[in-house]
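Trainee: With chain A fixed as given, assemble chain B onto it according to the hints.
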Amino acid sequence: MSSVRSKAKEQKQKHTISVLANHNLNALCRIVGIFSGRGFDIDSISFGTGERPGVARITLTTQGDEHIVEQITKQLHKVIDVIKVKDLTYDPYIERELAIIKVTTTPASRSEIMQITQVFRAKIIDLSQDNLSVEVTGNKDKIDAAIEMLRPFGIKEVARTGSVALKREFNGTI
Amino acid sequence: MSNTTQTQQAKKKHDIPSGKRSPAPAEGLSGSEILLRTLVDLDVDTIFGYPGGAVLPIYDTLYKNTDLNHILIRHEQAGTHAADGYARATGKPGVVLVTSGPGGTNTVTGIATAAMDSIPLVVFTGQVPTNLIGNDAFQEADIVGITRPITKHNYLVKDVNQLEHVIREAFHIAVNGRPGPVLIDLPKDMINAKGSYTGHKSVSIPSYNPVTQGHQAQITKAAELLSNAEKPLIYVGGGVMLGEAWEELTAMAERLNIPVTTTLMGLGCFPESKPQSLGMLGMHGTWTANMATTECDVLLAVGARFDDRVTGRLDGFSPYSRKIHIDIDPSCISKNVHVEVPIVGDVKQVLPQLDKATQKPNTDKWWATIRKWQKEHPLRISHKEGVIKPQEMIKAISKATNGNAIVATDVGQHQMWAAQHYTFNHPRSQITSGGLGTMGYGFPAAMGAAFGVKDRPVVAIVGDGGFQMTSCELATAVQYKLPLKIAIMNNGCLGMVRQWQELFFENRYSHSILSASNPDFVKLAESYGAVGLRATTPDEMHEVLQKAMDINDRPVVMDFVVEAEENCYPMVPTGAALYEMVEGDD
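Line order of the protein sequences matches chains A and B. For the first sequence, the numbering used here gives the first residue as 36, with consecutive numbering after it. For the second sequence, the numbering used here gives the first residue as 483, with consecutive numbering after it.
These aren't lab readings, by the way, just hints derived from the structure by calculation. Check the hints yourself; a few may be wrong.
Calculated pairs, SDA-like style, for lysine to any residue (alpha carbon to alpha carbon, straight line, at most 20 angstroms) [said to hold, decoys possible]:
| no. | chain 1 | residue 1 | chain 2 | residue 2 |
| --- | --- | --- | --- | --- |
| 1 | A | Lys109 | B | Asp789 |
| 2 | A | Lys49 | A | Lys121 |
| 3 | B | Lys640 | A | Asn57 |
| 4 | B | Lys881 | B | Arg938 |
| 5 | A | Lys113 | B | Pro692 |
| 6 | B | Lys676 | B | Asp641 |
| 7 | A | Lys109 | B | Lys817 |
| 8 | B | Lys817 | B | Gly917 |
| 9 | B | Lys963 | B | Val935 |
| 10 | B | Lys817 | A | Phe75 |
| 11 | A | Lys109 | B | His820 |
| 12 | A | Lys113 | B | Ser816 |
| 13 | A | Lys175 | A | Val154 |
| 14 | B | Lys817 | A | Val104 |
| 15 | A | Lys113 | B | Ala597 |
| 16 | A | Lys113 | B | Ser689 |
| 17 | B | Lys817 | A | Ile103 |
| 18 | A | Lys47 | B | Lys817 |
| 19 | B | Lys640 | B | Gly627 |
| 20 | A | Lys113 | B | Arg660 |
| 21 | B | Lys817 | B | Arg660 |
| 22 | A | Lys113 | B | Asn818 |
| 23 | B | Lys640 | A | Asn59 |
| 24 | A | Lys119 | B | Ser686 |
| 25 | A | Lys119 | A | Gly85 |
| 26 | A | Lys177 | A | Thr196 |
| 27 | B | Lys854 | B | Asp779 |
| 28 | B | Lys963 | B | Val1004 |
| 29 | B | Lys871 | B | His1024 |
| 30 | B | Lys640 | A | Gly89 |
| 31 | A | Lys109 | B | Pro688 |
| 32 | A | Lys119 | B | Pro688 |
Since the structure is predicted, the reported quantities are computational estimates derived from the model, not experimental observations.
Isolated chain A, as found in the complex (with noise of 0.2 angstroms):
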């Protein structure tokens, strides 16, 4: 094995894995077993109902070298609850995340935030005296970005996610 090849498998990578499993407690306290039980990293997880009934998609975001990530994807399909795992990371894909980000507001902040709020192509959801709050959907990256631009206001409360995910199936250059 080459030497660069090596040194690019053991760099650290975002990944974004996407099971299939049933729809059961079981099954989730497993999947999140063999990440706490083996000591791989988690950043972020979410489950809910897939396409079929009875059948849960969850999308995981973990960060390891290839090595790593090759043992975690092997590890959940292990799981007999487990249908399906694919590590979406090699291929196109389709990533969102939603955020709810309640601010703290003044009358002289409250147009400026709106003013951010529409950057980030957000939705305010909700409104009081002293408060709104902000929907925004988008990757990891810039719901990062918003909930930093939204900080110097007074962030009161956030509630994330955690990404979901499927494979772009459009393949052609936009």
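Mentor: Chain B in isolation, oriented as in the chain A frame:
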């Protein structure tokens, strides 16, 4: 991989003898009734169990049942080890039945032991009634949660009409693919509720289809490597035992005249009296096996997992070889050591294909090197007049049983000496906790083996430390009149701990000396109604063994008082490579 092959395989492993062992379908049966009928239909004949509140209805049903042989063990941990020993000796899944709470938690060590060595077990635990789950009820424990990381799969039964199906699935999962333990938690109301028994045997789990057929292109690549090898070596693991591929392996190694080394778990898969056998490799492997592993140019790993006790320091493990790895579990491949030619599949199917595609390599020069190693570095047995040397004790047992016994061991020095000095010529003969390294395993596992195999002598080789962890099972062995031989290698200390303390902690024997408070093992045996014998010299040892081999109506405990400060060599110190092994100074 098609579903049909899977079902065929399941059928092969669970072929039900026709006639009275196929219960008829029926409705309105209690959960206990359904449980026992399904077990009988799955060809289960022996259950290791212990009653308690939550499983009383099952025990009541068992009271009237004559198709199942229930063994009353004395501690659930030992019972799980017994089921494990039964599984290793017979190839059939071991079955355990215990109550809720502590009954379940006591099985944890046994389940983890089985999980690490991929042993098929099905463990039934009682549970508090469904409506009390989560209420911290009396004898409630979340056993499904507790055992999740140490089972291949587990279930909580929530519908009595699912019970039969769940049991069939559990057995299917336990024995197919890479085997392992499966647990079924049975709430008391499910045991009492009425439901139906269908007798439908087929099991299909869409999410579980292990690959058994090797990839043809990979097999061809592997065959090319082997055919052109100058210094090939076959490294055999427990997968060959689990996959029952010892005949295929032996045929291939003999035809191609390739040397074979086995792991602790693989001992017996290749007859050690054959000229191709190099013995065990790894931390306490033979000099020749470790050097051959280091020097070989093609390493064929069969059903082995490159465990740290086998490889030593990874960058020094077989550095010049190209590696082929056959395993049914893809996650074992390239986990610890990078492999050039992975073949995912059932060793029993892949080995004959590989054998057929491979041309006999020219290994004359390689053999000359190997024979030189064997001559210059044999396993050493020191001799001291009037003292039983531990290695001589193992040799004597090997001789007294003609190498035909099923030998179960505990963990530690005696385990390694047994692996080195007992000549294992038959598969399913060496029963030991390899992965988890569970002290207290050997005696109950031997007991389980003795329940499963009646026509071979069964010997438990244990240390004085480990034996005391499960010695309560003497009651079980006596109750069922098992002709079990228990050979205690009594060095008055935790031998392997003491050895490490001598070698790496400047003789500070911190909490490893037992001699002052050990019981009189002869009296202990006698108090249970077993035979107790003691030997302190080699002559007495031979006498005791002779006597013990002739007793066939109850267990015999042999207390062999051996040289206390003997060290087990060769030894690869932690962090060293295989070729850096030390041979000791005697």
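Trainee: For every hint, state whether the structure bears it out.
Mentor: Each hint, compared with the structure:
1. Taking the CA atoms of Lys109/A and Asp789/B, the gap is about 18 angstroms. The hint holds against a cut of 20 angstroms.
2. Note on Lys49/A and Lys121/A: the hinted pairing holds, with a Cα-Cα distance of about 14 angstroms set against a maximum of 20 angstroms.
3. Note on Lys640/B and Asn57/A: the hinted pairing holds, with a Cα-Cα distance of about 16 angstroms set against a maximum of 20 angstroms.
4. Between Lys881/B and Arg938/B the CA atoms are separated by roughly 15 angstroms; this keeps the pair inside 20 angstroms, and the hint holds.
5. With a C-alpha separation of about 9 angstroms, the suggested pairing of Lys113/A with Pro692/B holds against the 20 angstroms cut-off.
6. Only pairs whose Cα atoms come within 20 angstroms are accepted, and Lys676/B paired with Asp641/B is accepted, the gap being roughly 10 angstroms.
7. Restraint check for Lys109/A and Lys817/B: satisfied, since their Cα atoms lie roughly 10 angstroms apart, inside the 20 angstroms limit.
8. For the hint linking Lys817/B to Gly917/B, the alpha-carbon distance of about 16 angstroms falls within 20 angstroms, and the restraint holds.
9. Distance hint between Lys963/B and Val935/B is fulfilled; the C-alpha atoms sit about 14 angstroms from each other, no more than 20 angstroms.
10. For the hint linking Lys817/B to Phe75/A, the alpha-carbon distance of about 14 angstroms falls within 20 angstroms, and the restraint holds.
11. Taken as a hint, the Lys109/A and His820/B pair is honoured in the structure, with Cα atoms around 15 angstroms apart against an allowance of 20 angstroms.
12. In summary, the hint linking Lys113/A to Ser816/B is supported, as the alpha carbons are separated by about 16 angstroms, within the 20 angstroms threshold.
13. Taking the CA atoms of Lys175/A and Val154/A, the gap is near 16 angstroms; set against the 20 angstroms cutoff, the hint holds.
14. Between Lys817/B and Val104/A the CA atoms are separated by roughly 11 angstroms; this keeps the pair inside 20 angstroms, and the hint holds.
15. Our distance criterion of 20 angstroms between C-alpha atoms is met by Lys113/A and Ala597/B, whose separation comes to about 13 angstroms.
16. The suggested pairing of Lys113/A with Ser689/B holds, with an alpha-carbon distance near 10 angstroms, which does not exceed 20 angstroms.
17. Taking the CA atoms of Lys817/B and Ile103/A, the gap is near 9 angstroms; set against the 20 angstroms cutoff, the hint holds.
18. Distance hint between Lys47/A and Lys817/B is fulfilled; the C-alpha atoms sit about 17 angstroms from each other, no more than 20 angstroms.
19. Restraint check for Lys640/B and Gly627/B: the C-alpha separation of about 15 angstroms stays at or below 20 angstroms, so the hint holds.
20. Between the alpha carbons of Lys113/A and Arg660/B the distance comes to roughly 10 angstroms, so the proposed pair stays at or under 20 angstroms and holds.
21. Restraint check for Lys817/B and Arg660/B: satisfied, since their Cα atoms lie roughly 16 angstroms apart, inside the 20 angstroms limit.
22. For the proposed pair Lys113/A and Asn818/B, the alpha carbon gap of about 18 angstroms is at most 20 angstroms, so the pair holds.
23. Taking the CA atoms of Lys640/B and Asn59/A, the gap is near 13 angstroms; set against the 20 angstroms cutoff, the hint holds.
24. With a C-alpha separation of about 16 angstroms, the suggested pair Lys119/A and Ser686/B falls inside the 20 angstroms cut-off, and the hint holds.
25. With a C-alpha separation of about 12 angstroms, the suggested pairing of Lys119/A with Gly85/A holds against the 20 angstroms cut-off.
26. Restraint check: the Cα-Cα separation between Lys177/A and Thr196/A comes to about 14 angstroms, which is no more than 20 angstroms; the hinted pair holds.
27. As the CA atoms of Lys854/B and Asp779/B are separated by approximately 18 angstroms, the hinted pair is consistent with the 20 angstroms bound.
28. Between Lys963/B and Val1004/B the alpha-carbon distance is near 18 angstroms, which keeps this suggested pair within the 20 angstroms criterion.
29. This hinted pair checks out: Lys871/B and His1024/B have alpha carbons roughly 13 angstroms apart, not beyond 20 angstroms.
30. Using a Cα cut-off of 20 angstroms, the hinted pair Lys640/B and Gly89/A holds, with the two alpha carbons roughly 17 angstroms apart.
31. With a C-alpha separation of about 17 angstroms, the suggested pair Lys109/A and Pro688/B falls inside the 20 angstroms cut-off, and the hint holds.
32. With a C-alpha separation of about 11 angstroms, the suggested pairing of Lys119/A with Pro688/B holds against the 20 angstroms cut-off.
Violated hints are absent here; each numbered hint is respected by the structure.
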